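The whole structure should be built from the sequences, with the hints applied where relevant.
These protein sequence lines map, in sequence, to chains A and B.
So the first sequence is numbered by UniProt numbering: it starts at 1 and just counts up by one.
So the second sequence is numbered by UniProt numbering: it starts at 1 and just counts up by one.
Quick caveat, the hints were computed from the structure, so don't treat them as lab data.
Certain hints may be false.
Said to hold, decoys possible - Derived lysine-lysine pairs resembling PhoX-like cross-links, with alpha carbons at most 20 Å apart:
#1 A/K100 x B/K57
#2 B/K454 x B/K68
#3 A/K85 x B/K414
#4 A/K37 x B/K100
#5 B/K22 x A/K303
#6 B/K60 x B/K154
Stated by the list, open to error - Sample of chain B residues at the chain A side, in silico, Cβ under 8 Å:
#7 Y65
#8 D206
#9 R437
Because the structure is a prediction, the values reported are computed rather than measured.
Backbone N, C-alpha and C define an ideal beta-carbon position, used for all residues, glycine too.
Number of protein chains: 2
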Amino acid sequence: MADKAQIQEAIKTQGEVVRKLKTEKASKEQIDEEVAKLLELKAQLGGDEGKHQFTLKTAKGTRDYNPKQMAIREKVFNTIISCFKRHGAETIDTLVFELKETLTGKYGEDSKLIYDLKDQGGELLSLRYDLTVPFARYLAMNKVTNIKRYHIAKVYRRDNPAMTRGRYREFYQCDFDIAGQYDPMIPDAECLKIVHEILSELELGDFRIKVNDRRILDGMFAVCGVPDDKFRTICSTVDKLDKMSWEDVRSEMVKEKGLSEEAADQIGQYVSLQGGMDLAERLLQDAKMSQSKQACAGLTDMKQLFSYLQLFQVTDKVVFDLSLARGLDYYTGVIYEAILTQTSPVPIAAAQNGVGEKAEEGVSVGSVAGGGRYDGLVGMFDPKGRKVPCVGVSIGIERVFSIMEQKAEASAEKVRTTETQVMVASAQKNLLEERLRLTAELWNAGIKAEVMYKKNPKLLSQLQHCEDTGIPLVAILGEQELKDGVVKLRTVNSREEVDVSRAELVEEIKRRTSDV
Amino acid sequence: MADKAQIQEAIKTQGEVVRKLKTEKASKEQIDEEVAKLLELKAQLGGDEGKHQFTLKTAKGTRDYNPKQMAIREKVFNTIISCFKRHGAETIDTLVFELKETLTGKYGEDSKLIYDLKDQGGELLSLRYDLTVPFARYLAMNKVTNIKRYHIAKVYRRDNPAMTRGRYREFYQCDFDIAGQYDPMIPDAECLKIVHEILSELELGDFRIKVNDRRILDGMFAVCGVPDDKFRTICSTVDKLDKMSWEDVRSEMVKEKGLSEEAADQIGQYVSLQGGMDLAERLLQDAKMSQSKQACAGLTDMKQLFSYLQLFQVTDKVVFDLSLARGLDYYTGVIYEAILTQTSPVPIAAAQNGVGEKAEEGVSVGSVAGGGRYDGLVGMFDPKGRKVPCVGVSIGIERVFSIMEQKAEASAEKVRTTETQVMVASAQKNLLEERLRLTAELWNAGIKAEVMYKKNPKLLSQLQHCEDTGIPLVAILGEQELKDGVVKLRTVNSREEVDVSRAELVEEIKRRTSDV
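What follows is the structure, encoded as C-alpha cells:
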C-alpha cells in the first residue's frame, strides 16, 4: 500500500485532471471515468475525503422495496404461490442475464428496450426482458417436453419509466405455464381456472376474463377480406379497442393501414360480439366465418373450452370477446386477459408492467392478468426444431402490488413488517441478563421474540416499540416475578396484565397468538 | 412489414457479409454483430430459417435451477427465513444494479470482477457485487438509523468460475444485519445465536464458530512490532492460517512482506491461542497485549460477548481464536466465521461464494457463515458522514445448497418437486368430465390436486405419474363409484384402496396428508 502522502498527492493531481476536463467540457463518459479514478484514490485514503462525491440514489426508473412494501409483496406472493402449488406446479429459476443472441429476434421493435451488459471480454450478455423466452430456452436446452411450472422473478426494460403509474425499469413477472402435448383445451382451461382463483382470493374487486383465439381472429380477417400481409398490423389496431372508440380504430385501419372500408366494416360487426359457448356455436353457423377452416378450428376449441370452464364453475367471469387481440406475435391459439371491472382507487395505468410480458401491448386499463397458447416458441430454440406446445398466464403482479399498497394505506390497520409475537421487557434496572436468558428460552421454543439491545431501557420505550411495530404481547420481568417464577404477560391492545408461570409461558404465548 | 422476398434478399446479402468477415478473420465482436443482424432478419421471416444459429446455453459460469434444486432451495430458505423472523427481522429488497459510482472504491482489487452494464445512454450502472454495500446505500439514502433486516438475493461476480466446486458468477447471498447505536455486544451476540440456530436446524453436521476482533488483531500487530502501514497486509497473511501451515505463513510475512523475524515469531505465539472468556481474561493480563488500548477494548468486549453467549447457551460451539483475521477491510470490531468440522461428502471448495461477501477472502475449507461489525460503511454514503453502526452475518447459502443436494442424492428418499396431495384418476373411458369436476371441487376446498390432461388415460400411467412425483393418494372414479356417490381412495405406497363418500373426501384427504 502506498503511504498517505503519496495518495494525497495523487488525489491532487487527479482532481486537477477532472477540473480541466470539466472546464474543457469534455464528454460525460470521459469525465465520469476520471472522477471514478479520483474516487478510487480517495477511498484508498479512507476517512472523510470521498464522502461528498456520491450521488445517493438508485438508477433511473427504479426503486428499492422497503419493509412495508416487502410485507405486502410477501402476502401477495403467498396467495399466488399457494394457488400454483394447489395445481401441482413446480418452479424453476433461470439467470438474470441470457446470451444476447438468445433474446435476438424475439421482441420485434421492443428489442431496443433490452439492457445489454458491457463487453468486458467473453460473451455478449443481456438482462432478461421477460420470463417466457428464458423458459423456452430452458425447455429446449434441457429437452424438457412436459412441465407445469411457475416462475416469479424480476425482468428489465429500458422503458420510459412512469413510476407514479407503477411502471419501473426493474419489475416482477409472475408466470405459470403448462408445456406438453395434451388433449385440446384442458390445460388452457386450467390456466383460466387459476386466474379465477387468484383474482378471487386477492380480493381486488370484481373482474372479467376475456378470451379469444388467434385462429378465430385470423380466420375473421381472412373472410373479411384483409390481405394476408396485413393480418398482424390490423390485429394490433383491433387490440386498441379497449382504449379507443370503434370509429377511431376504423379510421386507423382505413387511413393509416390502407384497409378497404368494406373490410373494416365487416370486422366492426364481428368485434362487437361478446358471449359464451352460444356465440361460438352461432359463429360456427355463420355463413362467412364458417368459410375459414382456421376460424372453425378455433371456434370448435372455444366450445370445448367453455364446456371445461363450466365444469370448473368459472363461466360467471369468462367472456368470449372477439375484440380481444393481444399484441405479441407468438400466440398461436387461445388468448385471454383479465380486467378489473370496478373503478379502483389506483391511478389509471397503461400498465405494461402490470401484466407482464404476455400482456405487453394493448392491455386494457385495469388489466391484471393475461396469456395464451404459444406452440411455436420452444421450437425456435430446439436445434432440430422440435415443438413443445405451451399455454400460460402471467399475473400482473406489480399492478396487484400497487392496488394492495393503496388498500393498505386507505385502511386503518397497520401493515406489520415483522411477525414478532412477544417483547421481553423489564421495568426495573439491571435485568438485561434475565431478559436475554428468557428471550433465548423463547427462541429455542420457536417463539418469535424481541428484546431491546439496551442495558436499562425504560418500560415506556419498550411498550412504545410494541405499539409501533404491532407486537401483541409483552413478557415483563421484575425482581418479584423472578422470585415467584412467573412472568407478567401484558396484552398490548387491552393493557391487561396477568401472571403466567415460566413453565407455561411458551404455551400461553402460542395460544394467544395462534392467529398471528 | 417488408414482404418475404425482400427479407430473403436481405438475408442473402447479410449472409455474404458474415461469410466475408469470417474469411477475413475479422474480430469476434464484428462478426457477432453481423450475425446478430442476420438472425434478426431470419427471425422476421419466421419459420425454420434461424433455427440452427442459436447457441443453446447459459452464460459462462452460470446455470439454471431445475425443479429439484428449487425444492431443496425452498426448504433451506424456509429454515433460514423462519429463524430471521423469530428474531424479529424485517426484509428489504434493493435493485440488481446500482449506479457504478456507488460500488466504486468499495471492493479494492476485486472491483475488476464487477459486471458493468453497457452505456446505452444515461447512467453508468453495474450489477451488485454483494448485498452489504447496497444495504449501506439504502440506509444512508433513506436516513434509516435503526433496522434489523435480512436480505436474500443474487449477486454477480465476473470471477473465474469453478462450477464443479459450487462457484458461480450468479449466486445467492443471504444476509442478516442489525443497524443502530446500541449497548455493546448485544446485537453481536444475537448474530452468533442466529448462526448457531440456523446451522443446528439445517443439520449439516457438527460445527464451530470462531470469533475474534479487529481491534485485538490490530493491537496484537502493534505490540508485536508490526509497522502501522503493514497491518492490513500482515492481516491478509494471518488470514491464510486455515489453509497454510504456520511455517509457510511465517515465511510469507518475513520474506514477502518484509516483517522482522522477531515480530513474526511474536505473532506466531498469539495466533496459536484459542479459548473462551478465560483467554480474553488472560490476555487482558498479558504484559505485552495490555499495552495496547485497542486490544484491551476488544478484549473487554470479547469478555462481555462471551457472557451474553453463555446466557444464549451457545458457548459449546464458539471459540475465541486469535488466528481468525478475515479479508474485508470494512470490519471495525468483532469478526466471526462458522466452519463445519465433520468431513463432508462435498468436494473441498475454497468457497468464496459459499460464504458470501463477508467471508470473501481467507475462508476455511468448510466455512458456511461469516460476518462481523462494520461501523464505518454507512457513513461513507451519508452526505454528512453520519455513522450508523452495523453488525451482520452472511450465511453461505450456496455451500449449504451443495451439501443439501449431495445429501439428497445420497439418500434413498426422493426429493418431491410438487406438493400435490392427490391425483384424480379413472380406470374407465369417457370420464374426463367427471374427473375435471371432482378436481375443481378439491381445488376449491384447498386440496392440492392433479388430473391428467387426457381424455382417456390408462390407469397405469396415472399411477406411474404418482410414483414418479411422490403423490401419496389417488382418487379413482368409475361408473360404479359415481352411482354410489363414492370415490375409491388409493394409497400409492401400500396400494390399499378404500371407498370414501364424496361428502367426506376432502376431510379424509386432509387427514391422510396432514404431515405433507
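Verification of the supplied hints:
1. A/K100 x B/K57: The hint holds at about 11 Å.
2. B/K454 x B/K68: violated, 26 Å
3. A/K85 x B/K414: holds, 18 Å
4. A/K37 x B/K100: holds, 12 Å
5. B/K22 x A/K303: Violated, at roughly 54 Å.
6. B/K60 x B/K154: Cα-Cα ~16 Å, so holds.
7. Y65: Result: holds, 4 Å to nearest chain A Cβ.
8. D206: violated, 19 Å
9. R437: holds, 5 Å
Against the hints set out earlier in the document, violations occur for numbers 2, 5, 8.
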